[in-house]
Every structure is written in C-alpha cells, then in structure tokens.
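Enquirer: Each chain, letter by letter, is given below.
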Amino acid sequence: MHGLIFEKDPNLLVGIETCDDAGIYRLTDQIALIQTLDFFTPIVNDPYDFGRIAAANSFSDVYAMGGKPLTAMNIVCFPIKDMDKAILRSVIEGGLEIIHKAKAIMIGGHSVEDPELKYGLSVTGTVHPQKFLTNAGARPGDLLILTKPLGTGILATALKANKLDEKVIIEITELMAALNKDAAEVMVDVGVHACTDITGFGLLGHSLEMAKASKVGLRIYTEKVPVIPAAITFASMGMVPAGSFANQKFCSHHLDIDPSIDPIILDIISDAQTSGGLLISVSEKQASFLIQKLQERKTPSAHIIGEVLKEPMGAIQVR
Amino acid sequence: MSDIVDARGLSCPQPVLMTLDEIKKVNKGEIVVMVDTDTSKENVSRAAKTQGWQVFDIQPEGEGYRITIRKD
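These protein sequence lines map, in sequence, to chains A and B. Heads up, the first sequence is in my numbering, so the first residue is 1 and it goes up one at a time. Heads up, the second sequence is in my numbering, so the first residue is 320 and it goes up one at a time.
These are computed hints drawn from the structure, not numbers from a lab. Each hint can be trusted.
Derived coverage of chain B by chain A (criterion: at least 3 residues anywhere in the stretch with Cβ under 8 Å from a Cβ of chain A; other residues may be distant): (1) 322-334; (2) 357-363.
Quick list of in silico lysine-lysine cross-link-like pairs, DSSO-like style, CA-CA up to 27 Å: (3) B:Lys390 to B:Lys344; (4) A:Lys160 to B:Lys368; (5) B:Lys390 to A:Lys163; (6) B:Lys344 to A:Lys163; (7) B:Lys343 to A:Lys160.
A virtual CB, placed ideally from N, CA and C, is assigned to each residue, including glycine.
Construct the complete structure from the given sequences, taking the supplied hints into account.
Expert: The following block contains the structure:
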C-alpha cells in the first residue's frame with residue numbers, strides 16, 4: 001500500500017496504517033463501527049464446514065477488537081457452470097449457522113462467477129469508541145495469552161495431501177469453525193491491554209506486529225504454546241505450507257531464538273492459521289483470573305504463553 | 320544411476336507426495352528430487368529424513384534445487 005494517499009478523518013479511530021485487519025469509525029461518543037471482511041478458497045472438503053470456517057474467520061477481527069458483531073454480508077465466488085449449486089447452498093448454510101451463533105444478522109451479499117469457489121463475509125460490528133482493543137496496547141510486565149492451539153496451516157496441507165484421518169479432520173474443523181466470541185466477551189469483562197487474532201502471519205508474525213505497534217518486546221515460551229499434536233507429526237513429514245516458511249523468513253531479522261529450539265517448533269509458531277485464536281496482552285495480576293474465566297467459557301486451550309518486555313523493542317525472544 | 324523426481328513447477332504438498340511415492344517404490348538407493356522453491360526444498364528434505372533416508376546433497380540448479388537423498 002506504499003505510496004497510496006488515504007483520506008484523514010478525526011472519526012477514523014483505526015485505519016489502514018496500524019496493520020490491524022479491521023477499521024474502526026466513530027459515529028457518536030458512545031458508538032463506533034468496526035468493519036472487516038475476509039474470504040478464501042476451501043480449506044476443508046465438506047462445503048458446509050468450509051462455510052462455517054470462513055464465517056468464523058470473518059468475525060474474528062471484530063472479536064479481537066473487543067466489539068460485538070451486528071450484521072454480515074456474504075461474499076461469494078462460484079463456478080456456476082461447472083459446479084452443483086447445492087454445494088453453494090451448503091457453504092452458505094454453514095456460514096449462516098455461524099452468523100446465528102455470533103448473534104449477528106445476515107443482510108445480503110454479492111456473488112460473482114469465478115473458476116474457483118471462494119467464500120467469506122463482510123462483517124460490521126460496534127464497540128465503544130474509547131474501549132476498543134488493538135495490537136498497540138501491550139505493556140511491559142503483561143503476560144500473553146493464546147486462546148486456540150496452533151497447527152491448522154500444516155494440517156490443512158496434510159489434508160490436501162489426503163494424509164489426515166477422520167478424527168484429526170474433525171478436530172481441526174471444529175477448532176477453525178469455533179468463534180472467538182466467548183474469549184472476546186471474557187476478555188472485555190476482565191479488562192485487558194491489547195489483542196490481535198492469529199491468522200495468516202502465524203503466532204510469530206502477529207506477535208511481531210503487536211511488539212512493533214505497542215513499542216515493546218515479547219518473549220514467547222514455546223513449551224507453553226498450545227499445539228494440535230498431529231501438527232508436529234506432519235511438520236516433520238514435510239507438510240509445512242509456503243506461507244508458514246514465508247512468515248518465518250519475514251520475521252527473521254526481529255527474532256532472538258534460543259539455539260536449542262527444535263526447527264519443527266519454529267514451523268509451528270510461524271504456521272499460517274485460519275480462524276486462529278486471540279493473542280491477548282493482560283496485566284500479570286489479572287492473567288490467572290482471565291485464564292480461569294476463559295476455561296469456564298469453552299476455551300480450554302487458553303494458556304499463558306509469554307510475557308511483554310520493555311526491550312528489545314519491536315522484537316521477539318523465542319525461548 | 321539414480322531415480323529422478325521432477326517436482327519443479329508444483330506446489331506443496333505435491334513435491335513431498337511424489338518423493339514419498341518414489342521412496343516407497345525404490346525402497347533404497349539414491350533419488351534425485353528437483354524442486355523450485357525453498358518451501359519444497361525444506362519439506363522434501365524433512366519427508367526424506369522421516370522415512371529414514373539421508374539428505375546427501377542439496378545443490379542450487381537453475382531457479383531451484385537438486386536434492387540428492389540416499390538409503391543403503
């Protein structure tokens with residue numbers, strides 16, 4: 001986006017420059033809009049499940065900002081001449097299930113003919129204009145909490161290679177189709193300093209963005225990071241997607257990695273996630289209370305995975 | 320004479336699957352795998368190691384790499 005000129009507006013509270021994936025626009029002193037959209041090609045074989053996953057992923061930015069979703073619109077690309085329309089119906093039904101779970105309403109959408117199926121949502125939510133969260137509020141002394149286990153990028157590659165058994169397919173499907181709604185509501189109730197959702201840049205990439213935006217350093221303890229066990233097996237087997245290697249390379253100048261760390265673990269923490277969990281920066285005092293509340297609200301994988309440091313600013317220590 | 324797997328132009332997991340197929344077919348000896356991305360180079364090397372093969376040599380070739388794997 002370098003070289004493009006964007007309009008300035010005093011009501012634009014979060015725009016394109018902070019690397020958050022959604023924007024926030026103040027309507028009144030009490031209400032601001034959060035707007036976001038996301039769509040992609042199928043990541044699992046079942047169309048209904050694909051719809052659920054794409055929809056859950058699209059809501060994620062609203063939750064990461066501490067907002068409540070209000071409305072959703074379908075974005076559809078579909079090869080209408082070559083594919084059974086029942087598939088599209090199933091995708092949209094899956095999406096609708098998640099929209100209902102998010103307590104949002106579907107208000108329309110747009111479809112175009114395209115050689116490859118793609119689906120997602122444009123989501124609008126609301127948040128108090130002084131209470132939204134971004135990746136820029138982490139403070140030295142905070143602890144970092146991750147709410148979903150990592151490994152969906154590697155396992156989606158293994159699925160593409162037809163190497164996954166049914167049990168793991170169900171496990172990753174349910175993980176990716178799970179909304180970050182409960183985690184976000186708990187986080188807002190307890191009160192936290194910063195949040196971002198883990199998607200395409202992986203835990204490392206999104207942590208680095210948080211470190212830069214918050215002008216702090218982050219230390220991640222790899223043995224504490226929740227991981228889907230099968231992801232380790234398939235990373236060793238050579239099922240690491242290109243995006244995950246690219247994330248590692250992109251972050252490499254800002255990383256201080258303990259030499260004893262297994263390269264497979266680095267693949268996992270840089271693995272590009274679909275509909276990943278929230279990475280939350282919370283005061284040390286509130287951290288265990290937040291974990292307890294998250295576990296009460298169907299977020300069993302939530303773990304303290306690291307801490308926020310004053311230095312090295314804009315960098316990550318991997319331990 | 321080594322078996323050659325040409326996985327250039329293919330994206331993951333295809334090069335890994337082709338390598339695994341070849342490993343299964345020849346059982347032991349030497350296989351040369353041609354790939355054209357860093358991702359494929361890493362993944363093919365790992366796939367070979369987990370099957371008990373040694374990554375004997377990796378040479379840049381053209382736009383990609385020539386990976387030689389061996390098992391006695």
